[in-house]
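**Student:** Protein chains in written order, with the working numbering: chain A, 1 to 163; chain B, 1001 to 1420.
Worth double-checking, as some hints may not be accurate.
[Unchecked claim] Simulated coverage check for chain A against chain B, where a stretch passes if three residues somewhere in it have a Cβ under 8 angstroms from a Cβ of chain B:
#1 17-29
#2 58-68
#3 88-99
#4 120-132
[As the list claims (entries may be wrong)] With a cut-off of at most 30 angstroms between alpha-carbon atoms, the simulated DSSO-like pairs for lysine-lysine come out as follows:
#5 B:K1168 with A:K159
#6 A:K159 with A:K85
#7 B:K1057 with A:K12
#8 B:K1044 with A:K161
Hints listed in this document are in silico derivations from the structure and should not be mistaken for laboratory results.
Backbone N, C-alpha and C fix where the C-beta goes; we use that ideal spot for every residue, glycine too.
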Amino acid sequence: MDIKGRVWKFGKDVDTDQIIPARYLNTSDPGELAKHCMEDADPAFVTKMARGDLIVADKNFGCGSSREHAPIAIKAAGISAVIAKSFARIFYRNAFNMGLPILESPEAVEGISEGDEVEVEMASGRIHNRTTGQEYQAAPIPPFMQELIDAGGLMAYVKRKIG
Amino acid sequence: MSMTITEKILAAHASRKRVEPGELITARVDIALANDITAPIAIKKFRESGATRVFDKDFIALVPDHFAPNKDIESAQQCKLLRDFAREQDLTHYFEVGEMGVEHALLPEQGIVVPGDLVIGADSHTCTYGGLGAFSTGMGSTDLAAAFITGETWLKVPQSMMFIFKGKRNRWVGGKDLILHTIGDIGVDGALYRAMEFTGGVIEALPMEHRLTMANMAIEAGGKNGIIAPDAITEKYATGRARRKPVFYASDPDAAYCDVREYDCTGLQPQVAFPHLPENVHDVREAANISIDQVVVGSCTNGRLSDLREAAMVLRGHKVAPYVRMIVIPATQKIYRDAMKEGLLETFIEAGAAVSTPTCGPCLGGYMGILAQGERAVATTNRNFVGRMGHPESEVYLSNPAVAAASAVTGKITHPEEVV
């Protein structure tokens, strides 16, 4: 799966309340959640972004709540991948379960600016900044998580396991 | 070979002699928890998988507490999904409005979670049960759906950090202040992917409800779990309420820690986390003269009986300041009734505070005390993120219940000793 789009940059410790405020959690409908994606970090975000764009953020992206609504909102809004220096633990796990591509690369975060055109090869974890010509290598995905991805996500993996 | 308490509980649930940090294991789950925000997605995933029966009707706990009693039609629909699923699957631990409470106060109180357990919950504050000496951690709804089917979950064994609390705890300093002080030291990702083990003389003497408060906020430092070794205090708490046999684990003296930190509690004052991160921690005296519009006492962090006692003690004989709203939310029905019997609710009402039925409500900006633009609250809750309690331009200061009550009296952030 290859990913290509324009970058929107965010700072450190972007919490799940900024990604999808709790006032919208009376539904789990992806389309509804997508309308409020990143609203408390940037109220105009969903009107500015285009399908396929990427989020690039500093450390500890997705800290706070366990709400799966956060990666659902990002994915349903059309964001193709999130690159961060690090991810909060539960968000990282949820993103995998949701099939939202996420990559850890402090160098890429430092080297990419808002508005840059970036391309990602998910299989290799290579990140290409088309605007500057720079290339970065994301941290490898843990083997067990790769197995989950190959199986089509956690639920498909569980189904296969229980036969 | 030596292990930490976290490693021992994980090894036991993976039917292994030992486990090491970094290893991936499949572990048996004792209790799997979800609420009215997270269970609807878990139930949907469960159905999509083609599964028809849950692994065990006794090991799932469904608690409608976030937007319950139903705050609007959409919330009512979500709560109905839980109710219908609980009825269909004949779940033992479903709590209807009237019996329910804030999940992480309710499950220990009811003896559903016991020392030595492995608990996963689709709620980040599931780490609360570490106060009992259990391994517990928050996950997403899909992970819960998988556990509903298999009774198991996959986990990466975390490295452990040790926090040693020495010295003497001041009168107005409790578990909330100890954990805020810790988060202030290491930051909101200072324990990312790690176990936080709390120990030392101060912890050994710390009452159970304060221990639960400390473990509750491990997630606010990014921790996978917070844990305190069970002891005589744990045994006393578990006696008469534990519905399964507790198992007491303890770290070996030569177990390995990736970090060891010592805090001298002598002289430590109540702590306040300023907006908009729980790591922005200050001594309460540095917050003097910050005026407030609202005070909330409640939540899975500080809504237990001893928290209400502390708030009532400060409030007794005083009135809530003009133009300040004080909202008190006992975390469970039992706490509500005990507080009524002790006369605490009367103290709150006499002082001009509103007392609510149990709910998470305002803690996550749901309802029952939402902030307007530019308003400021002192809350005994756990997060002060942007927009957490209402308008994106409102502010939340986190404190212990005594500071919250004292602040309600004066209308600005106040050390309790100035009021009592």
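**Student:** Hints numbered earlier in the text: which of these fail when held up against the supplied structure?
**Tutor:** Numbers 4, 5, 6, 7, in rising order.
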